[in-house]
Amino acid sequence: MIWLRRMSHSRGFGVQSPSAYRFIRYVLCEHYPYYVYGSLRRKWRCQPWLVRKRMELYLRLANFRQADVWLDNGEDSAMLCSYVSNGCRKTKVESRNVVNGETVGIARVCPVDGCEAWAEHLFGHAGKDTLLIVEDIADNPTARRIWQRLVESESVSVSYDLYYLGVAFFDTDRYKTNYLVNF
Numbered sequence: 167m168i169w170l171r172r173m174s175h176s177r178g179f180g181v182q183s184p185s186a187y188r189f190i191r192y193v194l195c196e197h198y199p200y201y202v203y204g205s206l207r208r209k210w211r212c213q214p215w216l217v218r219k220r221m222e223l224y225l226r227l228a229n230f231r232q233a234d235v236w237l238d239n240g241e242d243s244a245m246l247c248s249y250v251s252n253g254c255r256k257t258k259v260e261s262r263n264v265v266n267g268e269t270v271g272i273a274r275v276c277p278v279d280g281c282e283a284w285a286e287h288l289f290g291h292a293g294k295d296t297l298l299i300v301e302d303i304a305d306n307p308t309a310r311r312i313w314q315r316l317v318e319s320e321s322v323s324v325s326y327d328l329y330y331l332g333v334a335f336f337d338t339d340r341y342k343t344n345y346l347v348n349f
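Heads up, the sequence shown is in our numbering, so the first residue is 167 and it goes up one at a time.
Any given hint could turn out to be false.
Unchecked claim - DSS-like, lysine-lysine: derived pairs with alpha carbons at most 25 Å apart:
id, residue 1, residue 2
1, LYS256, LYS219
2, LYS256, LYS294
3, LYS258, LYS294
4, LYS209, LYS256
5, LYS219, LYS258
6, LYS219, LYS209
7, LYS294, LYS342
8, LYS209, LYS258
To be verified - Using C-beta positions, here's what the derived DEER-type ranges look like:
id, residue 1, residue 2, range
9, LYS209, SER183, 35 to 45 Å
10, ARG315, TYR201, 31 to 41 Å
11, LEU346, ARG315, 32 to 42 Å
12, GLU286, PRO199, 32 to 42 Å
13, VAL193, SER261, 35 to 45 Å
14, SER185, GLN314, 20 to 30 Å
15, GLU196, TYR341, 17 to 27 Å
16, ARG311, ARG255, 28 to 38 Å
17, GLU241, ARG310, 30 to 40 Å
18, ALA244, GLU196, 20 to 30 Å
19, GLU318, ARG211, 36 to 46 Å
20, TYR200, ASP242, 17 to 27 Å
21, LYS258, GLU286, 31 to 41 Å
22, GLU286, THR338, 12 to 22 Å
Bear in mind the hints are in silico, worked out from the structure with no lab data behind them.
These figures come from a predicted structure and were not determined experimentally.
Glycine included, C-beta positions come from ideal geometry on N, C-alpha and C.
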């Protein structure tokens with residue numbers, strides 16, 4: 167039902183920005199299997215389809231951004247490390263308490279205890295190259311509040327609502343836009 171409701175928002179159709187179209191088409195909604203999907207699916211064989219789909223997206227995001235550090239507050243960090251390191255060998259996944267006055271490259275906010283305070287801390291350390299992911303924005307009220315705060319923030323330029331999660335860029339050189347994407 168969700169897919170049918172968002173059918174007009176699939177694969178970047180209707181997006182006028184070339185950079186946003188490329189990001190939607192070749193990162194968010196890439197259907198061509200990456201080189202390591204098969205081995206990772208065998209390694210993490212018991213995972214539900216949505217977890218696997220998210221992790222494959224994180225692999226593509228790591229490959230796209232090529233960040234040195236991926237900050238995370240989720241409980242599936244071992245699996246995330248496996249996927250992210252296959253997307254970009256130099257990216258290290260670290261726990262949520264590691265922001266040391268530096269700007270954040272990529273961070274994932276999962277709706278767990280203390281996530282709102284940590285998200286606020288991340289907002290303060292976000293720079294032009296920061297990419298922030300918020301999980302469960304459709305199902306969890308805390309994650310929804312964090313996502314709404316991000317979308318309304320002046321420091322966020324482009325955001326992508328994928329229903330199950332949201333991806334936000336802090337590059338203020340671009341026009342502020344929120345895209346709905348059928349993920």
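We went through each hint and held it up to the structure:
The suggested pairing of LYS256 with LYS219 holds, with an alpha-carbon distance near 22 Å, which does not exceed 25 Å. Taken as a hint, the LYS256 and LYS294 pair is honoured in the structure, with Cα atoms around 20 Å apart against an allowance of 25 Å. With a C-alpha separation of about 20 Å, the suggested pair LYS258 and LYS294 falls inside the 25 Å cut-off, and the hint holds. Pair hint LYS209 plus LYS256 holds up; C-alpha atoms about 21 Å apart against a cutoff of 25 Å.
Proximity of LYS219 to LYS258 is assessed by CA-CA distance (about 21 Å); at most 25 Å being required, the pair is judged to hold. Restraint check: the Cα-Cα separation between LYS219 and LYS209 comes to about 15 Å, which is no more than 25 Å; the hinted pair holds. Proposed proximity of LYS294 and LYS342 is supported: the alpha carbons are some 14 Å apart, at most 25 Å. Note on LYS209 and LYS258: the hinted pairing holds, with a Cα-Cα distance of about 20 Å set against a maximum of 25 Å.
Look at LYS209 against SER183: about 36 Å separates their beta carbons, and that is inside 35 to 45 Å. Between ARG315 and TYR201 the beta carbons are some 37 Å apart, a value that agrees with the proposed interval 31 to 41 Å. Against the hinted window of 32 to 42 Å, the Cβ-Cβ separation of LEU346 and ARG315 comes to about 18 Å, which falls outside the hint. Distance hint for GLU286 and PRO199: a CB-CB separation of about 38 Å, consistent with the stated range 32 to 42 Å.
The hint said 35 to 45 Å for the Cβ distance between VAL193 and SER261, and at roughly 25 Å that hint is violated. Under the hint 20 to 30 Å, the C-beta atoms of SER185 and GLN314, about 24 Å apart, fit the expected range. Distance hint for GLU196 and TYR341: a CB-CB separation of about 24 Å, consistent with the stated range 17 to 27 Å. Taken as a hint, the range 28 to 38 Å holds for the pair ARG311 and ARG255, whose Cβ atoms sit roughly 35 Å apart.
At about 20 Å, the beta-carbon gap between GLU241 and ARG310 misses the expected band of 30 to 40 Å. A C-beta distance of roughly 24 Å is found between ALA244 and GLU196, which places it inside the suggested range of 20 to 30 Å. Checked against the hint of 36 to 46 Å, the pair GLU318 and ARG211 passes, with Cβ atoms roughly 40 Å apart. Evaluation of the 17 to 27 Å hint for TYR200 and ASP242 yields a pass: the beta carbon distance comes to about 19 Å.
Between LYS258 and GLU286 the C-beta distance comes to about 23 Å, which lies outside the given range of 31 to 41 Å. Checked against the hint of 12 to 22 Å, the pair GLU286 and THR338 passes, with Cβ atoms roughly 19 Å apart.
The earlier numbered hints that this structure contradicts are 11, 13, 17 and 21.
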